[in-house]
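2 protein chains.
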Amino acid sequence: MNDDNQQTVPLLGSSLNYSAGIPSSGDNQQHVRIVNNLAMAATKQTNVAVTPTDDESDCDTITSRTLLKKRTGFVLPTPSNTDIENGKKEAEADQADKANCTTPLNPNNQKNGSPSFTDRLKDKISNAVPTVIQKKPREYKLKAFVGFLFLLVVFLVGFAYIFYYQQLSRKTYFERIRFTKEDRIMRVYDDNGLEALRGHMGASFPTSQKSYKCHDRDRPPNSTLCLEWMGRGRFSLAQTPNKNHDDKSRCYRIIWQSLSADTYPTDCYEMNNQLWFGAGAVLGQQHDFAGWPLNRAEVPISPFVTGSEVRGHNGWGQVLRRYFMNSKAAAIIVDDSTPLWVSVNANQSQMLCLQSRSSGFPFFDHGEESLVSNTSTKRNGTKNNPIVHSVLNYTICTAADLETLLTSLADAWWDGLRKDEMEVVKKLMEDPVWRFQPRADDNQTVQSLMKYTNSIVGSVWTSPGYLLIDTPWEERTGDLEFDPNRFQGLSEALEIIHRKGFKVAVTVRPFVSTFSKTYKSGLDYQLSNSTPDSVGTWIRQPYGEGSPALTSFNGDHSLALADVTSRNISEWVADRLNTLIKSYELDGIFFESVTADYLPHYYVTAKPLPDPSKLSSLWVDAARQVTTVLSVTSATQMPRLPTFVAIPRLPSTWEGLTHLLPLVLTLSVSGYPFLIPPPVGGISNFTKPDKELYIRWLQVSTFLPVMQFATIPSSYDAEVERLASNLTGLRQSTVLPILQRYGGSSVFDGLPIIRPLWMLDPFDKEGLDVADEFCVGDELLVAPVLEPGAREREVYLPKGVWKDGIDGSLRKGGRWIHHYRAKLDQVPFFTRAAEGTRL
Amino acid sequence: MNDDNQQTVPLLGSSLNYSAGIPSSGDNQQHVRIVNNLAMAATKQTNVAVTPTDDESDCDTITSRTLLKKRTGFVLPTPSNTDIENGKKEAEADQADKANCTTPLNPNNQKNGSPSFTDRLKDKISNAVPTVIQKKPREYKLKAFVGFLFLLVVFLVGFAYIFYYQQLSRKTYFERIRFTKEDRIMRVYDDNGLEALRGHMGASFPTSQKSYKCHDRDRPPNSTLCLEWMGRGRFSLAQTPNKNHDDKSRCYRIIWQSLSADTYPTDCYEMNNQLWFGAGAVLGQQHDFAGWPLNRAEVPISPFVTGSEVRGHNGWGQVLRRYFMNSKAAAIIVDDSTPLWVSVNANQSQMLCLQSRSSGFPFFDHGEESLVSNTSTKRNGTKNNPIVHSVLNYTICTAADLETLLTSLADAWWDGLRKDEMEVVKKLMEDPVWRFQPRADDNQTVQSLMKYTNSIVGSVWTSPGYLLIDTPWEERTGDLEFDPNRFQGLSEALEIIHRKGFKVAVTVRPFVSTFSKTYKSGLDYQLSNSTPDSVGTWIRQPYGEGSPALTSFNGDHSLALADVTSRNISEWVADRLNTLIKSYELDGIFFESVTADYLPHYYVTAKPLPDPSKLSSLWVDAARQVTTVLSVTSATQMPRLPTFVAIPRLPSTWEGLTHLLPLVLTLSVSGYPFLIPPPVGGISNFTKPDKELYIRWLQVSTFLPVMQFATIPSSYDAEVERLASNLTGLRQSTVLPILQRYGGSSVFDGLPIIRPLWMLDPFDKEGLDVADEFCVGDELLVAPVLEPGAREREVYLPKGVWKDGIDGSLRKGGRWIHHYRAKLDQVPFFTRAAEGTRL
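Heads up: the sequence lines are chains A and B, in that order. Using this note's numbering, the first residue of the first sequence is number 85, and each one after it goes up by one. Using this note's numbering, the first residue of the second sequence is number 85, and each one after it goes up by one.
Do not rely on the hints blindly, as some may be mistaken.
Given that identical chains are not distinguished, each listed pair holds provided it fits within a single copy or across any two copies.
Unchecked claim - Below, computed lysine to aspartate or glutamate pairings styled on DMTMM-like, alpha-carbon distance capped at 20 Å:
(1) K510 / E223
(2) K327 / E559
(3) K604 / E559
(4) K666 / D705
(5) K907 / E266
(6) K503 / E576
(7) K297 / E487
(8) K227 / E354
(9) K294 / E279
(10) K849 / D274
(11) K535 / D853
Just so you know, these hints were derived from the structure itself, not from any lab. Please read these numbers as outputs of a predicted model, since none were measured by experiment.
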């Protein structure tokens, strides 16, 4: 860059130095001083040393005489008329002199034979400059040319300056990251030097603001770059090892610290030109669904906490993960400590934005107000040492390809897993879950239950598996006792059911009605155990002196939530649950978790809840002390096995079925391999699902880790029963071995059991956004029919050779099969042919 | 002001004008121009026309020659060494010239014979000034004198300027208010021109900020003064008629509008040099008490809403009034619309501060956050049209004296008062209220009740009056049903009690336990009546989707409050209350109001509650539809008659008794004449109060508008019973007629029945802060003994002649009676002797 400067600037310097080079006589000493000062000023601006060039000295005497004559004009700001007339005469005299001067100059250059362009330029300049002083009217053109040259020089210098500073600010870090200070754009490159990620850092404040280097005191340890935008935020970048400490991916930690209460650190990543996966379930108007790819979703900036459709908000669904990755093999993993808000494609922006904001439900910052407060503590810090407000803390990783990335970032669950727990996992995958839905008005519920189990055992092809007694089985929500009116004789019935081979579980919700005995006993427990540490059994109102903060669920507005952040309360809950488990010898519970949006808007817990979504996992921790938690419906990370994650209750519609696969794929790659899909046919309120929907749903479920039934196949007709029997056969013979093999290895490598097509071939662009096919491990590809009345579909096969599951033929992969036919009783699936098989 | 300028400034002008008057020769034209410019600049600064004076012309030729010689020095900024040497020679020559010039000047002035001081001054000046130019070293003293004169002039002008602007800013409005813009001190003067009130306006922001006149658009109508402190607040002052539209007092309305979210308009009035009364009950650590005068209280800035001791806060008590007045006959009445915070004497400041702040419990500004919000509405307005945040709106009134002030501002209650209601008022004053306190564990409560009423009727001297069945009479708080276990056979018992002449009332609290049937039926009512307008029976949590916001009372943490801001709910409450009233043919209720601090910290009501203290009066409005509300315990203004205001339950201690009189006096002058004092002996939890305390308390109660008993006198001994009988006789014969006369007139003039001594003689400084005596009307003065074991006390009698109630002697007022003796069975009281009685 500095070379550029030295090439262009001398032109400017030389044009000004003519006057400086004049030998001065004693007479006009004063004027020379003035002129010299001008020249000095000029050279100061351009920073170039002033040296007279050879060309200039030729006309020394003439120019100095000219200057001498003009003396009066210099001294008086407004020359009199006489002065001007004198000037004219002098100018004419100068012209004569000039003729004498220019003539010898040209031959001087022509000595070289052929005059080069630069020579001519030099001529013109040496001609032009004295002319300005001599004021010859006929040389306007030259003057204009000199003016043009001058402007050109100014432009070049200016351009060089700007370009230089742009280069200065766009620095490269760790070879793979480029960051421009001015527009705060960060580019992350992969191993091949291709851009994998482009982020707009600090999108919440204007780019016009200038950045400064951080004070050493504020610099996070090991950070390579740390910049501060005064009164806004502090940004740092550091290389960091990846999760599994291997060399499969490169990771960089980014920390934004907000330095003002109303600046929320926000980074936005471009979503166009790449597909994005991860995040978890997105919340729609009706129910959870998945953006597969995430580019298809549209979520305004919302707290990234578990949410549910019932509260009627658009935002995030029941199972989430702070994990976003794109088809260019870059991933963003947000730290648990960040009160995270995320927007996807908000206002069609094609941006994935991450924001840290600790105020705003459910991240509730209660402030410091009280009834009587005359000290309003302002948390501003000093100007030189500002207080840090929200912190956005996340890691970016890149790898050679998407599958490698996934591998390097996956969790493992083998640590501390007991044999009996692994048995539960195996059992859940082997045998179906039978969900029994009791009616609130059925006083013969135990008979209904017996009938239900009998019809299961009645079919030869079915196996007992887990019997799940769904809600409502209590009289009042939260009783943790079977409704004595509807469940008379349950103990005896359960004994028979156990003997038939069933394992029995119940759905448990954390809500407790204020009309339940549990609520009262909780308040009594609170009164008898009121130590300074444990201020209440139930989640309380702020400043409420122990008054519970109630919440609403399913139209019940008077529900409390146990404050399981307190160890005492957690044990109290476990005790009550234990009574239930022991009374009926239950084998486990299916936990219908409370999502963060069910928290009361203003609440206090005994210990703070930085991520309100975690309340659910605290409840599960409590329950796990006394029973097996077989599944949770809401999570922000894979619970400890044998707890599966239940895919939210999808409605019994074709739309529900369509959303099933993207959900399974999204959750699988987000680190939830052990999934329980919703019951076959979806959730229908005591009505049988549509028969065709049921069949197609059954076909999909056959290939998923767990099969769950609410409606028994035999409740349709012989055709459905035969079909179910066939599928069970298929599952036992073909699917289950693969599921169990990949399930077993997932415990160690954390990789999905159900996989998207891109895990088989991450470089295959065609397979990237296929959302209606899935693979079981790497060996089995399923392309179920998901539309009503459809008897054919388009199927994409990744590269390799595939054996058709319907007709046994071999098919070449890496291409589409158009109009692939599948009757109602057929499900298109393909097994990978042995290595080396050729068509 | 301008005259001042013209008198002083010419001296300054003339000293500069010497050079301007010099006749110029052609040779030095250029320099003269420069000098002229200097002179021009000088005249511009001082704004005085440049004219040469006679004195100056005497030395014309000399000075101009001097100037001519100095030419070189003018042209060249840095004279060469030669120039300086020339200068020296010239200076010597000038000195010689000067000698020639000064000599003829002096005789010139001596022509007048005796030279006056001004003549001599002129001489000195005319000598001095040329000297400056001629540079004669021997006239240094004159130079110093001129310098002194110059400084004097500058000082005078400066002083005049400052004084003028102080005068400008301290303007007088309406003849009686002076306001200084700079320090924002407002002084209010009474009719005699004495300062009645001195306030520090806008105490919450620095006085250094400059004020501007309001934009016409922002000026409140009729305001005489409107000033705006940019980005802080807008202050306006307007004359306004007083409450009763008479000419007894002069009132001024003050409106402060905050122009920034974190500036709370705050005005502080000086409390020293005057006594303050009003406000209502102050909340102490133990119970309500009164600052009588208010100067004795010390309250940090707290929301001016009704509060109770149970919540453990320091602040304001159960009965308040936005009404403060001082001994200099000035009152401050704050508008209902202001979310008022008040401090008294905070940090020993001797200040009464009023603040408007709409954020902070219980003035809860819920903000606009929601679960999913990407639009954070900022309420800043534009710079030129800022949004008004809090508004502090109050009226200041002054009158000739304190009693006149009280009269002109008092309310009247006759409007719409029915005859039967007036009968209730009369009955309450005539017969005692008998408070029956049932025990929670007494299963024979009806028998206890019968025993209680029998022992009342057993005494010949007692009259049945109102029987008040106190809490707890329900099984669960809020049942609005007598506990069926404890009150078996109540209906029959009440029939007997009614026949004995009692009227029967119950204490009703607005809290409803979540375990009460009322709570459940409220939720059901909510479900069945959920229209967009009525979102809930119970006061709800913000963003809670109808979940009630619970509160705590007396260790019960699970209590709801009916949302009586909704008309529907108000009627629903009245219906349920009506069932209770009708079932037992009750004659009324004593309402234990909910104070604002019992509201849940975060709450929503169907209609907004600008003053949370008013929730209580909405409840009373509901109850009044179905029964007689005999008293309330919390109020911010006198409820509609026949509802009395019950003085909060004072504890059964001597301290409780000491606090009774200041409370009675404070509430009386705050506009609550119809008071029910606490039961004789104070509130003791099922133990008999100390006998001496009981007797002394009984003696005070005899003279108060209503007598209330919990403990029956006969439960002590014959002595107490005899004493009670005597006092009853005294009450019937002497006190009651006066009470009823003043009660009757209070309905029309709103004046207190029980009066402080200063109402009898507002100019008597001695009687101003007497807190242990009181008058019944203007005729009866009571000076009860309030200390344990005391058999004498100091008594102050206002002017006039008083007849001693104990020995019948006549006593001259306007002085103290020291060591006035009163045995245990005697209460010192004095009746005013007939007009014209002389000792």
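Hints, one by one, checked against the model:
Taking CA atoms no more than 20 Å apart as the test, K510 paired with E223 passes in neither setting, with 98 Å inside one copy and 117 Å between copies. For a Cα distance limit of 20 Å, the shortest separation of K327 from E559 qualifies neither inside one copy, at 47 Å, nor across copies, at 61 Å. In this assembly of identical chains, the alpha carbons of K604 and E559 lie at most 20 Å apart whether taken from the same copy (15 Å) or from different copies (15 Å). For the identical chains of this complex, K666 and D705 are intra-copy neighbours only, at 18 Å inside a copy versus 54 Å across copies, given an alpha-carbon limit of 20 Å.
Taking identical chains as interchangeable, the C-alpha atoms of K907 and E266 are never at most 20 Å apart, the minima being 60 Å within one chain and 91 Å between chains. In the homo-oligomer, the alpha carbons of K503 and E576 never lie at most 20 Å apart, since the shortest distance is 30 Å inside one protomer and 73 Å across protomers. When the C-alpha separation of K297 and E487 is checked against a cutoff of 20 Å, the pair qualifies neither within a copy, at 38 Å, nor between copies, at 71 Å. For a Cα distance limit of 20 Å, the shortest separation of K227 from E354 qualifies neither inside one copy, at 52 Å, nor across copies, at 80 Å.
Taking identical chains as interchangeable, the C-alpha atoms of K294 and E279 are never at most 20 Å apart, the minima being 26 Å within one chain and 57 Å between chains. With identical chains, the CA atoms of K849 and D274 are at most 20 Å apart within one copy only, with a shortest distance of 17 Å there and 90 Å across copies. Taking the shortest alpha-carbon separations for K535 and D853, neither the intra-copy value of 45 Å nor the inter-copy value of 87 Å comes in at or below 20 Å.
In summary, the structure is inconsistent with hints 1, 2, 5, 6, 7, 8, 9, 11 from the numbered list given earlier, while agreeing with the others.
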